[in-house]
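Protein sequence lines correspond, in order, to chains A and B.
Using the working numbering, the letters of the first sequence correspond one by one to residues 8 to 754.
Using the working numbering, the letters of the second sequence correspond one by one to residues 8 to 754.
Hints are not guaranteed to be accurate.
DEER-style ranges, computed between Cβ atoms [what the hints assert, rightly or not]:
{"id": "1", "chain 1": "B", "residue 1": "A230", "chain 2": "A", "residue 2": "D216", "range": "40 to 48 Å"}
{"id": "2", "chain 1": "B", "residue 1": "I329", "chain 2": "A", "residue 2": "P650", "range": "42 to 50 Å"}
{"id": "3", "chain 1": "B", "residue 1": "A230", "chain 2": "A", "residue 2": "A230", "range": "54 to 62 Å"}
{"id": "4", "chain 1": "A", "residue 1": "R749", "chain 2": "B", "residue 2": "V227", "range": "33 to 41 Å"}
{"id": "5", "chain 1": "B", "residue 1": "K556", "chain 2": "A", "residue 2": "R54", "range": "49 to 57 Å"}
{"id": "6", "chain 1": "A", "residue 1": "R414", "chain 2": "B", "residue 2": "P634", "range": "45 to 53 Å"}
{"id": "7", "chain 1": "B", "residue 1": "V227", "chain 2": "A", "residue 2": "R54", "range": "48 to 56 Å"}
{"id": "8", "chain 1": "B", "residue 1": "T66", "chain 2": "A", "residue 2": "R228", "range": "21 to 29 Å"}
In case anyone wonders, no lab produced these hints; they're calculated from the structure.
Here a beta-carbon is modelled for each residue, glycine too, at the ideal position from N, C-alpha and C.
2 protein chains.
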Amino acid sequence: MKIKEINTMTYDTDEDHTPTQAKHADRLGSASSSDLERVVINKTAVREILDQAKAQGRTSLTAPEGKLVCDAYGIAVPGEGLAKSAADAVALAQGMGFPVVLKIISPEILHKTEAGGVLVGLRSAAEVEQGYATIMANAAKHDPHASLLGVQVQQMIGGGQEVIIGAVTDPSFGKLVAFGLGGVLVEVLKDITFRLAPLNREEALSMLDGIQAAEVLKGVRGAEPVDREALAAMLRSVSQLISDFPEISEMDLNPVFASASGALAADVRIVVDFAPQPERYRPSQDDILRQMNRIMRPDAVAVIGASAEDGKIGNSVMKNLINGGYEGKIYPIHPRAEEIMGRKAYKSVLDVPGGIDVAVFAIPAKFVAQALIEVGKKKIPGAVLIPSGFAETGNVEGQQEIVRIGRQYDVRLMGPNIYGFYYTPKNLCATFCTAYDVKGKAALSSQSGGIGMAIIGFSRSAKMGVSAIVGLGNKSDIDEDDLLTFFEQDDNTEIIAQHFEDLKDGRSFAEVARRVSKKKPIVVLKAGRTSLGARAASSHTGALAGNDKIYEDVFKQAGVIRARSLRDLLEYARGIPKLPVPKGENVVIITGAGGSGVLLSDACVDNELSLMTMPEDLDAAFRKFIPPFGAAGNPVDITGGEPPATYANTIRLGLEDARIHSIILGYWHTIITPPMTFAKLVIEVKEEMKAKGIEKPIVASLAGDVEVEQAAEYLYQHGVPAYAYSTEIPVAVLGAKYKWARGAGLI
Amino acid sequence: MKIKEINTMTYDTDEDHTPTQAKHADRLGSASSSDLERVVINKTAVREILDQAKAQGRTSLTAPEGKLVCDAYGIAVPGEGLAKSAADAVALAQGMGFPVVLKIISPEILHKTEAGGVLVGLRSAAEVEQGYATIMANAAKHDPHASLLGVQVQQMIGGGQEVIIGAVTDPSFGKLVAFGLGGVLVEVLKDITFRLAPLNREEALSMLDGIQAAEVLKGVRGAEPVDREALAAMLRSVSQLISDFPEISEMDLNPVFASASGALAADVRIVVDFAPQPERYRPSQDDILRQMNRIMRPDAVAVIGASAEDGKIGNSVMKNLINGGYEGKIYPIHPRAEEIMGRKAYKSVLDVPGGIDVAVFAIPAKFVAQALIEVGKKKIPGAVLIPSGFAETGNVEGQQEIVRIGRQYDVRLMGPNIYGFYYTPKNLCATFCTAYDVKGKAALSSQSGGIGMAIIGFSRSAKMGVSAIVGLGNKSDIDEDDLLTFFEQDDNTEIIAQHFEDLKDGRSFAEVARRVSKKKPIVVLKAGRTSLGARAASSHTGALAGNDKIYEDVFKQAGVIRARSLRDLLEYARGIPKLPVPKGENVVIITGAGGSGVLLSDACVDNELSLMTMPEDLDAAFRKFIPPFGAAGNPVDITGGEPPATYANTIRLGLEDARIHSIILGYWHTIITPPMTFAKLVIEVKEEMKAKGIEKPIVASLAGDVEVEQAAEYLYQHGVPAYAYSTEIPVAVLGAKYKWARGAGLI
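Using the sequences and the hints given, assemble the complete structure.
In structure tokens, the structure reads:
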């Protein structure tokens, strides 16, 4: 089958073998039939081959079976056939695509080449027609007595760029398609890229650009560029195949010869696994929302294990709820107490007269199961399981038991082994940690308690307003994607920042993140991203840390911004909501220190920001405000000794001119324009422009003596992320905003 | 010539064509004849070829000339020769190395292959002997009348790994050797590495490991590993050739076929440039020291342009000198004043009765030249040129003039266009910026004034003790390497941190840095490291910013630690001197938060630190102190709810056991072990061990509420670099210490 034809064919939909994986994938909205080009698929053929392999207890398909599977999904493999006439040969060649090889078929002719019985590289119908005649004539001349059965027509392989197309089944992400260049690039440099299957056309094409050596496909050293659509079509066919048939656990097309005229898989390897994958329990998005809204924004909270005794977790939780200013009902649950901290206590949640939205557990692990049954019977939608002593200490059975109970009674579980959570719009501190009260728009979560404490400390210190801080711990049930679903519709949240070491269900995370990231930025810190780190992760939680490259690519595919460090996560959470959405890619640096300009330019490249090429008229306009020896172009170097007016004039121009989309400021401390003077003028100009309806992202780097710290804080509090003694952090924050805006399709 | 033989030959030293470059290189100590393997070199042959090219006005050598040059330096190119007998053929083949190709030579035989006159891939003397006979017999049979002149023996190329060996002349670094793999790896991925020529054996071998795809050379996909010594020898021969003949400006051996049995350069390209390179003025190291010691530690300072008027630069300089507590003599120079700030003023330095060590210029650019002549006549060894208005504003001639004057009178020039400098051991603030007084061991410098101000602000804010802060500005004369030479022998300095955008003389910098970095860590922030950044650099200073990869590799070759950001430069300068030198590579993480442990492990990998594989007995010893569910191995996860004793016991064990060389602490804020309790116990244990003679690097990451900031500061002030809310910065500081210690050969 000629690869080009795939685009004109249609997927066969007259049967429904669609398995869970594929249905699940449909929810991703990534490869609906409407946006797929039309390809004929023969599912029945594949089903028969797989059934046979299953019946025979095999774990892989044979080479001919692999070829048939490829044929059924329009994956081009080298074609071949026997021609008994020149017309036959031409038809065969046209069917499989040029170039072709012709070989004489005759029992008497063993050394075909010597007999003039082989022609390679025939590139047209005319050449094939002529070639057929030549070969027959040569053979007849070579051995007049030989019986000439005809000519074998084989599609020629090789000559293009060798690439690898593969598929794997990841325990967290499910079906993934892989793409790389053949040879050392994949094997030595690990230059490979992954996407969740199935793929739409854009995703498939993005894989070709997703490798370091992408330029090779565009043609280097005199080579023609490869047929990108053909490669993309093959990637999509593979992705559809593995989505349709989850029992295909691994697949390798290696090598695939990609050329200007198509792509041809020279070798096929298919590994099968008929053991059904255990499915994760996934309520519908509506059910998640219904329960999460009650859990996160409760009107009534029960504290199981509430205590009047200082130093007890149940006492800290009570104090935090009451002193934090929570205005809903608080029900202490205690086996004997009549009253705790002025609130009537109950022996069980079942004794509480009114409804309860969430139960916070502050009792030892061994008592959790029984109390959870009572929570279930009371129809409380959520349990916040602070206690440790479950899977993280080896008590896997204990954790499985509470998960079973939760499922049975429809109680969503947060934790166990967590610090609890904060939801500031409700003044809710359902945690044993210190209370937190700086309200704002950032929702943060952490898998680890230690990182949770770092979030709290940083947030308080940096005056980062937060809407929520949530501990997820062992993630026996409630996972990052449940939080995304809640924060998506939470008007108090504008950015979501998550720390985690693994994703229990990476596919669900990606599915939800892809939708949510269109509306609100999602920043993640994936710990255990290096192999050593991954080892530590598995000793910590027993979780299987995935291949980091898979996380990397899936995050990109889902529009998720990845932080490289804890500080980056925190700075992005703090800074991104301060910035308006940029309207385009043109960034301009305005700096009083040439040296800062150079470092800020470096940081722009590091953070994938585009320094605008300054148009002549705009350059001239800037020059009017700066000394004659100030540097031209971008950075706009206003030089060091300038008065406040020079900063004000150039910043105003930068905001006013519609061709500029974002501004990076480099300030240099001088007596002529002291730090707070600079900070105030920046905010003045910003407000002046805002009144005219102009809002652009502005970030600032301040170089100077210690007074610049106060100026940076003033700027930050007024909407300009600003940093003293750093040229890289402000640009990284702007870069993160851009990454999100691009992913969300806003620029 | 067979590549293996190179190692057994000797460099010819009976002539001295050694040019400046090579002599200069000798000072690097990198390729003395004693450590070079013995290779016969024929300089006369190369000289003749170059003389001819020069006479003919050519800019490149012909292919045959290139081959002769290679021959003269033992660089293997494919050999060939005519054999008139089987014995001839064997001798030729043995001389050039197997495998070989044999071809019949006969005017009558045009189609050699058809005549059976070609044999390829002959791998032994026996095969060649036999092959000679076969070819002669075939040819005679093919055409009995042909005159058979003999058999051409050609060394076979191909079949190995294609690599590229090249040489370039960099305006700053001079002669550099380049190495990369052939094909897309160099062209698309820019996977290439550079070293200063000439190379010693270790440096040449390090180039093979200096590329991303280094593994390829060790044999992948069933290939044999290449002959590393042969490649290293070829790299060294090229490096010696270009050092011996500076007129060879560029050279390409591309491709070189590297195999298990040697390396063969299939194609040679040599570009020549006979215009002599202008030499930079370089005093001897002794002269530099003599002058720099007086400039940096003066007993008498003149302020040219001293002023009593607030707001004048000459006033700020006077105030800083006096209020900073400088105890040497201060001579204000002013055309009219009798006295300035209580000090007798002079019209000219020539009027000052005593000697003067340094003159600080605080006058407009146009008056500098005349005053500098007087400084010269007064035999003052150094001028600190604060004024701007020279090359940075386009006044290149003005700058050339003062350089000429400086040279004429032997006055070293700092600047122009700088903030001046601080040298705290002398309480010397020879600058118009704010005074600085936190004494310590870090010497910092910056090319840019803005970055200088950031250094001052950060240092003050972080209580980083400094010995010196120096502005270098336009670097008309005094350069980074002059500062290195001074700080090397300055007992008040333990670490040198430099920001720069270019190096006027990269070769001198590398030469000095290589020596100094053995004694004291050198950290650099090279701005303009990205192409966008480089563009901004050139618009800022008019300096040619070099290819960043060259800087990267030369820094490594010279043992210089490269900071990736301004904050990193500052944090390294602050943290590295706090840490003792580690005695080995075994790093152990001790953490109260498993989540921090994972992130700290990630950071170890990012910073090239080795997490020690925990020996069983040590693991058992740690386990005695931690709860049964604490994680085994490394990180040592003591878990979150532990009392101070658990931290103290595990840290003590970590310090006591000689197999552990460095410790990374992860603290998690709890009520049981509050932040300051933790901080104090760490220092107590550290001091207890120090009393026993045990000192190891310890760094700490603190996760918790805002109190951890105070604890981090306490730790830092007591010798443990500690950071709140960051897992990456403390590990990066430790990693930088290790990079230095490795480069200096201390571990």
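Status of the hints after comparison with the structure:
no. : hint                            : verdict
1   : A230(B) <-> D216(A): 40 to 48 Å : violated (30 Å)
2   : I329(B) <-> P650(A): 42 to 50 Å : violated (28 Å)
3   : A230(B) <-> A230(A): 54 to 62 Å : violated (23 Å)
4   : R749(A) <-> V227(B): 33 to 41 Å : holds (37 Å)
5   : K556(B) <-> R54(A): 49 to 57 Å  : holds (54 Å)
6   : R414(A) <-> P634(B): 45 to 53 Å : violated (30 Å)
7   : V227(B) <-> R54(A): 48 to 56 Å  : violated (39 Å)
8   : T66(B) <-> R228(A): 21 to 29 Å  : holds (25 Å)
When each numbered hint is compared with the structure, violations occur for hints 1, 2, 3, 6, 7.
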